[in-house]
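A.B. asks: Residues per chain are reported as follows:
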Amino acid sequence: MASENNVTTESYFPDGMPLPAPMPDGLDAPFWEGARSHTLLVQRCNPCGTFQFGPEWICHKCRSNDIGWARCSGRGKIYAFERVWHPVHKALRDKGPYLVALVELPDVGNVRMVGNLLGDPQQDVAIGDAVEVVWEDHQDVTLVQWRRLPVK
Amino acid sequence: MDYSIKDKVAIVGIGETRYYKAGQAPISEFQLALEAIQKAVADAGLHIEDIDGFASYSDDRNDPTRLAGALGIPQIQFSNMHWGGGGGGMAGAVGNAAAAVVAGYAKHVVAFRALAQGQFGRFGQGHAGARVRGAAAYTAPYGLMSPAQMFAMRTQRFMHEHKISQEALCGISLASYKHAQQNLRAVMYGRPLTREAYYNARWIVEPFRLFDCCQENDGAAAVILTRADRARDLRHTPVYLMAAAQGTGYRQWVPAHNDPDYATSNFKTLAPRLYEMAGISPTDIDVAQVYENFTGGVLMSLVEHGLCDADEAEAFCTNGNLEWPNGKLPLNTSGGNLAEAYMHGLELVLEGVRQLRGDSTCQVKDARVCLVAAGPMVSPVSNLLLRN
Ligand SMILES: [Zn+2]
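Protein sequence lines correspond, in order, to chains A and B.
So in my numbering, spot 32 of the first sequence is number 32, and the numbers just go up one at a time.
Just add 1000 to the spot in the second sequence (first one is 1) and you have my numbering.
Worth double-checking, as some hints may not be accurate.
Heads up, simulated BS3-like pairs for lysine-lysine below, C-alpha to C-alpha not over 27 Å straight-line [claimed, not checked]: (1) B:Lys1006 with B:Lys1365; (2) B:Lys1021 with B:Lys1039; (3) B:Lys1328 with B:Lys1268; (4) A:Lys90 with A:Lys77; (5) B:Lys1328 with B:Lys1365; (6) B:Lys1268 with B:Lys1008; (7) B:Lys1365 with A:Lys77; (8) B:Lys1268 with A:Lys61; (9) A:Lys90 with B:Lys1021.
Just so you know, these hints were derived from the structure itself, not from any lab.
Build the full structure now, drawing on both the sequences and the hints.
C.D. replies: Here it is in structure tokens:
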């Protein structure tokens, strides 16, 4: 899945933005470890096969606590998106507009993930556009970003 | 439904401070709370000593124990905070106060909200910390952190699903601003909004422009509830609660925007319960007060309360239906959060009471039933049906 052109060390945002960290209780550690090794993981219930994201301690469908992790292809489609003009974080003061996408992942039960849509912030975007994951590596954590795939 | 609060409780007093632009109140938030409560008690024709219960929401900082101490209230018999951030608990606090009255826990309960954000942290600001954990870890690093940013995403999806343009949001904003021009309490009194100015205003986050977003204000508001049989002896026409509901739908607000039903104001499970308790239908509503955090939430709330069809929502919001005096369903007749003041929506309950007393500055002729909806798109949300 993760060819080298799906990896970037160039940050979408200037320095100073908050970065993610695993929860101290370990619930989402596998997700962030997966991202670190450029593998997109979501929870899958072992007994009933239900996918869920974000992580939970039990399956919301059958309430089993026997939950594993499934690998996603990293291909998805835009479920919703927004172009942000007014920054609320001091690190973004001179950033200008940026794009946030909510991506639906069909091969893992249509769970959704948020990321930036890389490229020109003024690009034409439509709900339903196909996207693929891009790994944005930071010193000790990796962000899950998205890039539009060319229309076939 | 014989086991409910229906018609058993009335709002008998309303009070508010002057409403200020954010950071401009000359007195503390606590003083603002005291002033609004005292005014509501006076409006009811009650004495401060009659108050024996408090209800609020959204982590109000003004603790009933401190308020009661300062006011010299003989005893507290009920004190309650509705869970959830944002304004989702505005109607819920009133509903909880009503429940306390029906249960006999307390006789005269005040539901209140005081806000002076300049004296504390402001809403709408990003995370300051270098690391974020839990649900915020999936959103904040991508610049999705403020309420506007959280709700624009849902609104975008809703507008896509129902082919609704910005015109609908503009119509909602114009109605609130128009109504505020009649209302001397309104912070936006004397500052009318035109369609052109709406479109010339800067984007905050698409599809929201500046005038799609609520104000931030300093002030306080309060209402007093008591049993219907006591209410009739007090100063004003009692405004009865026909119904109150609070809650949330299936897996709403699970992390990273994974709510199974995403493009919703979150009233789909509440609205049917509300109408069932009241024994009325949407066509019985004469006037509506719908919390505007952002216009997109109002749009969805109107649809989910059965006041217009999703696929006809744009026409409904742009044909003057929302505007007093000629519209079919005058909306936010005081100016609401957008243009009267952002008292976290509690000012909408006060306006509902005014409409049913016949005291509004945009008085709907022969108004009998008012809907109040709180907190669209958050979880939990809440709503009320009021009658005279
Ligand atoms: Zn399961």
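A.B. asks: Which earlier hints turn out false for this structure, listed by number in ascending order?
C.D. replies: Violated hints (numbers, rising): 4, 7; every other hint is consistent with the structure.
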